[in-house]
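Undergrad: Based on these hints, arrange chain B with the ligands on the given structure of chain A.
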Amino acid sequence: MTLKDIVNRFFLIEILKGMALTFKMMCTRAVTIQYPKQRRKIFPGFRGKHAFVRDAKTGKEKCIGCMKCANMCPAQCIYITKTKIENKMVVEKYDIEALRCIYCGYCVEVCPTCALVLTEAYEYSAYTKDEIYFNKAKLLQNWDDFASTYPADEYFNKFWRPDGIDTSKMVKAKKEQGPVPTRPVPQPAEPQPETPAEKPPEKPAEKTETKETE
Amino acid sequence: MAVIKDLKTKEITINMGPQHPATHGVLRLMLELDGETVVKCTPYIGYLHRGTEKLGENKTYATALPLTDRLDYVSSMSNNIGFCVAVEKLLSIKVPERAQYIRTIMAELTRIANHIVWIATHALDIGAMTVFLYSMRDREWILDLYEMTCGARLTVSYPRIGGVRCDVTREFMESCYQFTEEFPEKILQYETLIDKNRIWLQRTVGIGIISPEDAINWGLTGPTLRGSGVPYDVRKFAPYDAYDKVDFEVPIGKNCDVYDRYRCRMDEFRQSVKIIRQCLEKMPEGLVLAPEAPGYDMPAVPPKKPAAPPPKTAEGEAPPPPPPPPPPEETGPVFNELYVATEVPKGELGFYFISDGTGKPYRMRLRAPSFVHAGVLPKLCEGSLVADVIANIGTIDIVLGECDR
Ligand code: SF4
Ligand code: SF4
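Those protein sequence lines, which keep their order, are chains A and B.
Read the first sequence against numbering that gives the first Met the number 0 and you will find it ends at 213, with the numbers running on by one and no gaps.
Read the second sequence against numbering that gives the first Met the number 0 and you will find it ends at 404, with the numbers running on by one and no gaps.
Keep in mind that the hints were calculated from the coordinates and are not lab data.
No experiment lies behind these values; they were computed from the predicted model shown.
Watch out, some of these pointers could steer you wrong.
Here are the computed lysine-lysine pairs in the BS3-like style, where the Cα-Cα straight-line distance is at most 27 Å [unchecked claim]:
no., chain 1, residue 1, chain 2, residue 2
1, B, K185, A, K40
2, A, K92, B, K58
3, B, K53, A, K67
4, A, K23, B, K185
5, B, K88, A, K168
6, B, K359, A, K168
7, A, K67, B, K58
8, A, K137, A, K157
9, B, K281, A, K157
10, B, K195, A, K3
11, A, K157, A, K168
12, A, K87, A, K59
13, B, K93, A, K157
14, A, K40, A, K157
15, A, K157, B, K58
16, A, K135, A, K171
17, A, K3, B, K185
18, B, K93, A, K173
19, A, K174, B, K93
20, B, K58, A, K168
21, B, K195, A, K23
22, B, K359, A, K67
23, B, K39, B, K4
24, B, K195, A, K16
25, B, K58, A, K81
26, A, K16, B, K185
To spell it out: a stretch of chain A is covered by chain B in this simulated footprint if at least three of its residues, at any positions, have a beta carbon under 8 Å from a beta carbon of chain B; those stretches are [stated by the list, open to error]:
no., segment
27, 20-28
28, 44-50
29, 61-72
30, 105-113
31, 156-163
Computed spacing ranges between beta-carbons, pair by pair [unchecked claim]:
no., chain 1, residue 1, chain 2, residue 2, range
32, A, D162, B, L142, 17 to 23 Å
33, B, G228, A, A29, 39 to 45 Å
34, A, K40, B, L384, 46 to 52 Å
We put the CB at the ideal spot given by N, CA and C, even for glycine.
Chain A on its own, in the form it takes in the complex:
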């Protein structure tokens, strides 16, 4: 046993060192967040509550019922019913059973029209299952709720067109998808083609094109 060991044995050096560290930590700033009062910063692209982007032009959702999301969803929790009205396929029902969703965000990425989004809202516990079973109206409502609290005037989900991925294979609407306005756009009595030019920050000009492609 060396002298060092003996000194250590009698004076509990290593324990004192540990206690010195804990004492030092006591004097540093606390890292804990007092949750309901304080909230942590959410990073862009957070995968939270589902929503349907409300199209500024039509005031409705942009989904075209291509079934891509429903076919691919790993949790199989998207249910779509389509009907034929005047020779056109219309999405009759679009339901997301959020309780079964695993929040992978794949649906946001495959959607060719960028209709779907996982918003940054994460506090939506409920007492009944029905409240977390999102149908079309609820999904649009989710978007309104989210948009009204979103700090910026425009929102772009990074999974609509992820960085660093070759866009040449994407469909046109996806390629050209720009940020969507989060503030309600005053609906003109009759849509004038010149009107969009008067509101440069909203950039609805890009959105007009996105609607054209199927």
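TA: Just chain B with the ligands now, kept in the frame of chain A:
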């Protein structure tokens, strides 16, 4: 005196778990005790069985990936990467270099996050509470880095077949670099608390000894094997992603006990920091997804070849020109069978696929390190004290989500 002599003693059987905070999930150990000594130890697993392998056979390769998040939920990113590396080999996809570096960074961040959870719970089991608090504080940073990149903190699903889902941002790179600057100091803090602490030493030194031969025969991998002095690491022996382009060492122990396995993992912290730093410095520009990578909506059955037109060689008509060569096959797997291993923080995670040429695996088998490690518990525990069972469960670093699959 007579009373003690007449005392009937017998072995008592107790259940440790499945709801025991120190069994790291729902592991149940049936212990036969002779006083304080463990005579027999039988692990029972399966309380968290979700049928991941079978589920994977009913999903396409692209959509089976989120299942791997739920295996070892402490290091989900590594599992994703392991799955992707295996499927890429099956489909012969070459991952762009930038994506390889990003994945390596992510895998090493995950290794740190996993070892942080390991040191936290292991120390807590043995009785050192402060380490738990400090290490959870540091893990938060890594989870923030995940969230910054892919929007989720735990079940990330960030890698995808052929690359990663999206590029990392400048903000991520800076924050990550900052992390590599500051984290070595944090490791020192953990070490100050327990490295030489006499209680820690008494609980770990000379406990749970397994010789190198036994360790190999029991199929141990990862730090659990390296603690016994066997320098086996998939990252070195069969490099994937960018591991062949970075320089790192594989720390090994020599006393084959709980303490040496602890030292191995502490050294791996430092090696991981080193790897991350190199990757950040060497990361090239470019795309992060291979052009031939399948989309999320990859077809479950290969696209049917257009049926040959009916031979309508009417009288007098010239014989039709020879049909054009079939269009190049979409990247679909051919009938194949392969096993690909990657080094996840807990050991060697292997994926064994049998593919029948469709978009779904015909058979998907997982070689989960936790499963193999749980099997060695009787070997480690028999003959030791009850209190050491806890140290032994901690040292093999199991997560029951992966063990039961
Ligand atoms: S996030 Fe994933 S699981 Fe949830 S609805 Fe979208 S695709 Fe399905
Ligand atoms: S992928 Fe998009 S457009 Fe297609 S059905 Fe789903 S939400 Fe609608």
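Undergrad: Each hint: holds or not?
TA: Results of checking the hints against the structure:
1. B:K185 - A:K40: OK: K185 of chain B and K40 of chain A at ~23 Å, within 27 Å.
2. A:K92 - B:K58: 25 Å, holds
3. B:K53 - A:K67: 24 Å, holds
4. A:K23 - B:K185: 13 Å, holds
5. B:K88 - A:K168: Cα-Cα ~23 Å, so holds.
6. B:K359 - A:K168: This hinted pair holds, its Cα atoms lying about 23 Å apart.
7. A:K67 - B:K58: Roughly 15 Å between the alpha carbons, so the hint for K67 of chain A and K58 of chain B holds.
8. A:K137 - A:K157: It holds: about 23 Å lies between the C-alpha atoms, which stays within 27 Å.
9. B:K281 - A:K157: Holds, because 25 Å separates the two Cα atoms, which is no more than 27 Å.
10. B:K195 - A:K3: 13 Å, holds
11. A:K157 - A:K168: 17 Å, holds
12. A:K87 - A:K59: Holds: K87 of chain A and K59 of chain A sit about 17 Å apart, inside 27 Å.
13. B:K93 - A:K157: This hinted pair holds, its Cα atoms lying about 25 Å apart.
14. A:K40 - A:K157: Given pair K40 of chain A, K157 of chain A holds - Cα atoms ~17 Å apart, limit 27 Å.
15. A:K157 - B:K58: This hinted pair holds, its Cα atoms lying about 26 Å apart.
16. A:K135 - A:K171: Holds, at about 25 Å.
17. A:K3 - B:K185: 26 Å, holds
18. B:K93 - A:K173: 25 Å, holds
19. A:K174 - B:K93: OK: K174 of chain A and K93 of chain B at ~25 Å, within 27 Å.
20. B:K58 - A:K168: The hint holds at about 24 Å.
21. B:K195 - A:K23: Holds, at roughly 19 Å.
22. B:K359 - A:K67: Distance of about 17 Å is within 27 Å: holds.
23. B:K39 - B:K4: 26 Å, holds
24. B:K195 - A:K16: 10 Å, holds
25. B:K58 - A:K81: 24 Å, holds
26. A:K16 - B:K185: Roughly 15 Å separates the two Cα atoms, so the pair holds.
27. 20-28: holds (count 3)
28. 44-50: holds (count 3)
29. 61-72: holds (count 4)
30. 105-113: Held - the segment 105-113 of chain A has 3 residues with a Cβ nearer than 8 Å to chain B, which meets the minimum of three.
31. 156-163: Since three or more residues must qualify, the claim that chain B covers the segment 156-163 of chain A holds, with 5 doing so at under 8 Å.
32. A:D162 - B:L142: 17 to 23 Å: Since the Cβ atoms of D162 of chain A and L142 of chain B sit about 21 Å apart, the hinted range of 17 to 23 Å holds.
33. B:G228 - A:A29: 39 to 45 Å: With a Cβ separation near 42 Å, G228 of chain B and A29 of chain A satisfy 39 to 45 Å, so the hint holds.
34. A:K40 - B:L384: 46 to 52 Å: 47 Å, holds
When the structure is compared with the earlier hints, no violation turns up for any of them.
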